[in-house]
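Engineer: Sequence:
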Amino acid sequence: MSQSLVGEVEPATGPDPDRPRHPEPGVIRGAEARRLVRFLLRRPGLVLSILVVALVVLAAFWPTLFTSRDPLLGVPVDRFQGPGAQHWFGTDELGRDLYARVVHGAALSLKATLIAVGVAFVVGGTIGLVAGFVGRWGEDVLMRIVDVLLAIPALFLSLALVTALGFGTVKVAVAVGLASVASFARVMRAEVLRVRQAVYVEAARSTGARWYSVLLRHVLPNAIGPVLVLATLELGIAVLAVSSLSFLGYGAPPPAPEWGTLISTGRNYLANAWWLSTLPGLTVAATVLATNRIARALDGESATQR
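With the UniProt record's numbering, letter number 128 in the sequence shown gets 128, and the count goes up by one each step, no holes.
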């Protein structure tokens, strides 16, 4: 009798077949890595775009990784040498290595691009966040200002702003950023209007949470995703806008090797030195196309998650 009772109360030592089995963390990470590899293999254009952007960032922060030449030092006997093994991008009218100037110019162009996108993101995002959350007359006033900005072409608005601010890389970047505020404000407002009606926002309000707590803890984190995707897309547009203003002479003064300045200087020698404008121009085009490709991939992923 006692043996049977003991046998009945003894816990089972083997695995329970009805208990759900969870995969190990290492198995999950391995599956995610394989899925990422398959995703990238099916999109070689995206991989190439990521590589181009990574090279531009490295060139901006560590130009000595790519060249040891001085971008400002000219050798008169090497004037107008074409692209070759010694000078990959050729030389300019003063005998300066064009490849070194393009590499070192990435720092100026990237700095201006990041400042421009940062200004547009902060100012435009704040306007859209306040307009979408406050509503009523505040939204009407802010969005009418945004409509006025949208009615003016971005390049013309940038020209007007940089004329008022003055010349220089930072001032060009601020002008480009202020000209892009409207698009960020509209996207942020649309997302805030969508998130404001969500159940968790209404629940937070019903529990007595203060308005700034609802705004910062619930509305902003759930509305900022598409705005970040727009910021990635605006990187390419900002590179093009900054280079355009530098081409017109509003950027860093010579001999600074800004990309737009290099293209502008080289157009005077297109008849006998085509590479002076063509190769910096191709660098700008590759950077813009690469950032746009990455932004489209992020936009598609964001739309899938939503």
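Derived by calculation from the structure, the hints in this document are not laboratory data. Just so you know, these numbers come straight off a predicted model, no measurement behind them. Some clues are possibly wrong.
Stated by the list, open to error - Simulated restraints on C-beta separations: (1) Leu289 to Pro83: 17 to 23 Å; (2) Arg144 to Gly95: 54 to 60 Å; (3) Tyr200 to Pro254: 52 to 58 Å.
Just so it is clear, CB atoms sit at the ideal spot from N, CA and C, and this is done for glycine as well.
Engineer: State for each hint whether it applies.
Structural biologist: Structure-based check of each hint:
no.	hint	verdict
1	Leu289 to Pro83: 17 to 23 Å	holds (21 Å)
2	Arg144 to Gly95: 54 to 60 Å	holds (55 Å)
3	Tyr200 to Pro254: 52 to 58 Å	holds (56 Å)
Violated hints: none; the structure is consistent with every hint.
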